[in-house]
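Build the full structure now, drawing on both the sequences and the hints.
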Amino acid sequence: MTFVPVWGGIIACYLFLAGLGGGAFITASLVKRMHPEATGVVRVGRVIAPIVVIVGLCLLMVDARGGLYNPLRFVFLLTNPGSVMTWGVVILAVFVLAALIVLLMDLIGKNEAPAWLVWVGNVFGILTAAYTGVLLGVVNTFPLWNNALLPVLFIVSALSTGMAAVMLGGLITCPEQVKGMVDLTKVHLVLPAIEIVLFFFLLFIVAHVSTAGAASVAAMVSGGYALAFWVGIMAVGLVIPLVIEIRALRSGDNRGLAIAGDVGVLIGGYLVRYIIIVAALPVVLL
Amino acid sequence: MSDDTRTIWSHCTVNCGARCPLLFHVRDGRIIWVEGASAHDGALPDGGASPAASVPQPRPCLRGRTVRRWIESPHRLRYPQRRVGARGEGRFERITWDEALDDISTRLRHTIDTYGNEAVYVAYGTGVHATTGRCFERLVNLLGGHLGRYNDYSTAQIAAAMPYTYGEADAFTASPLIEAASARLIVNFGNSPAETSMGGAGGSRDFSWVREVSGARIYQVDYRLTETCTGHPDEWLPIRPGTDAALVSAIAHELVVNDWIDQDFLDAYTIGFDDTTMPMHLRGQNLGYRDYLLGTGYDGMPKTPEWAAPITQIPAESIRRLARDVGTIRPLFVMQGWGPQRHSNGELTARAIAMLPLLTGQVGLPGTSTGSHEASSDRLIADLPSGPNPVKARISCFTWTDAVSRGTEMTAESDGVRGVDRLSTNIKFIWSYAGNCLTNQHGGINMVHDILVDESLCESIIVTDTVMTDSARYADILLPDVMRMEQTSMACQGESEWYQGVTFGQKVVDAPGECRTSYDVCAALARRFGLWQRFTRERSQEEWIAHLYEEARDRDHGLPSYEDGVAMGHYSRALPTTVALADFRRDPAAHPLSTPSGKAEIFSESLARKATAWKLPEGEVMSPLPIYDAGFEGWDRATDEYPLICAGYHDKARAHSSFGSIESLKQACPHRLWINPIDAQPRGIVSDDRVRVSSRYGTVEVLARVTRRIIPGTVGLAQGAWHEADMVGDRVDVGGCINTLTSLHPSPLAKGNGVHTNLVQVRLCKR
Amino acid sequence: MARYGMLINTKKCIGCYTCLVACHRQNNLLPTENFIRFEERETGTYPNVGVENIPLQCMHCEDAPCAAVCPTGATYIGPGGVVAVEEGRCIGCKYCMAACPYQVRVVNESTGTVDKCRFCTVTATDGTKTCSCVEACLTGARTFGDLDDPESDVSKAIVELNAKPIAGDLTKAKIFYVR
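Protein chains in written order, with the working numbering: chain A, 1 to 286; chain B, 1 to 767; chain C, 1 to 179.
Keep in mind the hints are simulated off the structure, nothing from the lab.
Ideal placement from N, C-alpha and C gives every residue a C-beta, glycine not left out.
A hint or two may mislead.
One-sided and incomplete, this derived list gives chain C residues near chain A with beta-carbon spacing under 7 Å [claimed, not checked]:
(1) ARG89
(2) ALA99
(3) PRO101
(4) GLY112
Structure (structure tokens):
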């Protein structure tokens, strides 16, 4: 049988946006702590965070056509506490709620959001990113998903894409605030490097544990998805942004290059989810 | 199930061999679904979990269950039509029934008056099997008759050859499949009931039951690993198609040199094995089968396994192993399908396979058969009588294209004409009912096209069908038929099941448009000739069915009353197994065979005489012995241009071309050319690539299925796919009909279709 | 309470797809909705070729991963151990399809929900005595019944033919294969 992937681009987008949202909220918190003066950048992060997660949830509902046609059925989503997807719904709901309140208070500007609420947002931001990996990770049909590295990779990628999105927003709306953030640039540099290492171990281990895993990895690195993997993820999403950041550390900022690097990270981040979803092949049991 | 749903019985009509009863669920004049006879209808005993051959289980296969898609096809013919434009172009205009019937009767009258009744031909067609399925013969016989035919497209060679071994009366005699349950060794040549006759109580189910209860060792000699041996691939003995006689010769050689033959049986029951039983005047000339095997016969070639190995592609040691089993395991049940004989050398092959039971004396005993196709049971109800045909001339059904183009040249010796020495006229009028044998299911489609489009040859072609088939495109008048589910119809069990049954089919739904039953059409034509009274005997079709049934009941008091039958829908009864030729074996003097000698004839003197008298083209072989010869256009004539053999087989999705247009079946079972990786790889072909298959006669385009389930050097293309080509353009058949590739050359003795003997090349189409 | 299961004898299966057509009929399925999926396996090298037709359908697992992951509880293990889908709860997230190791759950293209083999007999009200695929099978390759009843045809056949779930102990499947 030629296996048809269960999910496709829409769910990849949902996983990508959920991770990005969590990452953006945490980035905003980081910026606020390290550069309290960069209020524009913080606001960008706090705007992005709830919006992209809500968009992601809408995409999920579009893909889940049974619910789309009968929206009341989404009420049942909380009825199986054993399902990772049920946890996900709770996690995302708490995160969106926290992020929205923080954003509203920020926008109204009367009171600063309480620290505990920001921490709730930070924790659930991490959980949101982790959830997207665990959702796939518990499915033991697909060796590419069913391993402990995947959630870690998704968390790192979520922070990386979240940070890229915030930086990108910052570069567009308040470039002068972004300029001085050398320390954040260093964090921004480390994430793609960690991702490359994680990716290497993920593929190496998956390729060695099962035939289906090996076939999935082969599809990614030398098969039908090789172009997207090498050019999209590795070059555009990881190596080029890495080079741009290194260059920025050595010879100063270049706004155009920085924007290009951040866009690259976002493209790569989406493709990571997409390829991991569609290239995964099931264990053959016959 | 809601209350407004009614269930109505009818039956499958097509020619897979079986004739499964179908139960239609109907609501508001529309079929909701179709299912088969099953235990919960009370129509059958509950044998679901524990299959036993004693319990009839005529379950319909996926085809019968899909018949609704055919009945409701948007492509159903709805009105009578007349051809406009050139013949074969496929352009028609709607006319009224009166216009159509007037035109047909004028054409028929003109043909008979001008050329005589011998110019009228009723084409072979098997789309409808029912007691009232063939009406036109009855009408035309009342009008003075028609050119008769013998043979069919399924069994031409075996039907012609077996009488020389077992006699005319026992040409098809064999034990039923279930008798093999008592065998210890089953050797099955080119026979796959799981594909040819899937549905019904017999065939696949019986074979599977036999395998289970007998524990016999089974050999399936076939060029494909068929569905009959999926799950049991170890049974497969792959053989190059058309070389079964070489395998048999080598086995026979081993039987002789190891003294595994039953000499007493050969001496008492057969003639021509050696000089002991040779006719007196033929002795001492090394004409016997033993001399042929040992190399002391006419060709001086010992038929050792080493001789046969390069011919059959079976290693010599495998042949020796099989020969040891055949020589030492008893009882031995040998049977053949109709594929091995459907070759240019098929007459030799059919008789050769029967040599295994004869040499080992495994005939007429429990657990044995005759080497022929497994038996089918007698039908309980007779068909609508056609009446005597005053025309004596008969042709082999495969030679009708010759009779159209050069009929008056055809003689008994040159073309196997029977009844007369020479035809007096060419065919001028063709009636084709529920058949697709003008082109699709005949052979050499491109050549047939050229014959049919010449309106000076055959002047009138009348086609009746339910949908536009490739044959129907050549009609001058095209009539829309009523499906049997849309009229009262009766059918008996088919040709493959070892039970007897009758289905009392009732009208399930209304036919679309102006469709008319063939009985009514023929009755209306009869009225135009003033023959209505004699044609109908003042009976409607329903009354004929009841009448034929009552006649059968007079002979067979076990049958239920007609009314009870209609209420039951389907009646069936089990049959006890039988042993073929048991009487002959017990007392050959009291129960002689119908051969000239009364014995099984290994050497046939009458065949020897015919071989001398008949005019055979160069390269054609007729022999009194069941020798091996590759046949014309056989595998040994492969060239660089056409290096591969292409043989046909029966597809799951179709019965011949019936059901061939049903989209859902095409999707479930895609039409693909089987090709071994050894042949596919150098051609750069992988599964689902589009490939072109070309022979001297035509080209088809089809998807490839690269599989180890076929012998290397041979490709397999299921027959019955619907021809689809631009006949005024490149004539490339994108429907993948195998008869685009086949020849019109008839086999030597039967003058039948040797359409599994094809030499082709396969090329990858541009991706 | 009965514990329903099925035996499929691949040595008898001729890959004719009649069960599939019968299942479409019984469950009124769309042409694209196949509760039964055929795997044809070819092994070995010519001429020592192995061929097997394996019809796969919902295994009605006791440890059903589809039921475990279903966020809405639409998939559940019902009476008789039949893994069932309550269409009115299914949102069509397809998580169950990803979780099923046998890939035998399919999307109903018109409702967007996910469905699968229902062991149709268990809930049948039309007098059906056995599943439509069992009843339609031309070679008698399928047997259905109560696994807890040692006298049932299916229990006896499992013992006699040494039938095993397709993937051993994984998920405690209740369709047993003879291979």
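Consistency of the hints with the structure:
1. Taken as an interface hint, ARG89 (chain C) checks out: its beta carbon lies about 5 Å from the nearest beta carbon of chain A, inside 7 Å.
2. Taking 7 Å as the C-beta contact cut-off toward chain A, the hint placing ALA99 (chain C) at the interface holds, the least distance being around 5 Å.
3. The beta carbon of PRO101 (chain C) is positioned within 7 Å of a beta carbon in chain A (closest approach about 5 Å), and the interface hint is therefore held.
4. Interface hint at GLY112 (chain C): satisfied, since its Cβ lies 3 Å from the closest Cβ of chain A, which is below the 7 Å cut-off.
This entry satisfies every hint, going by the numbered hints stated previously.
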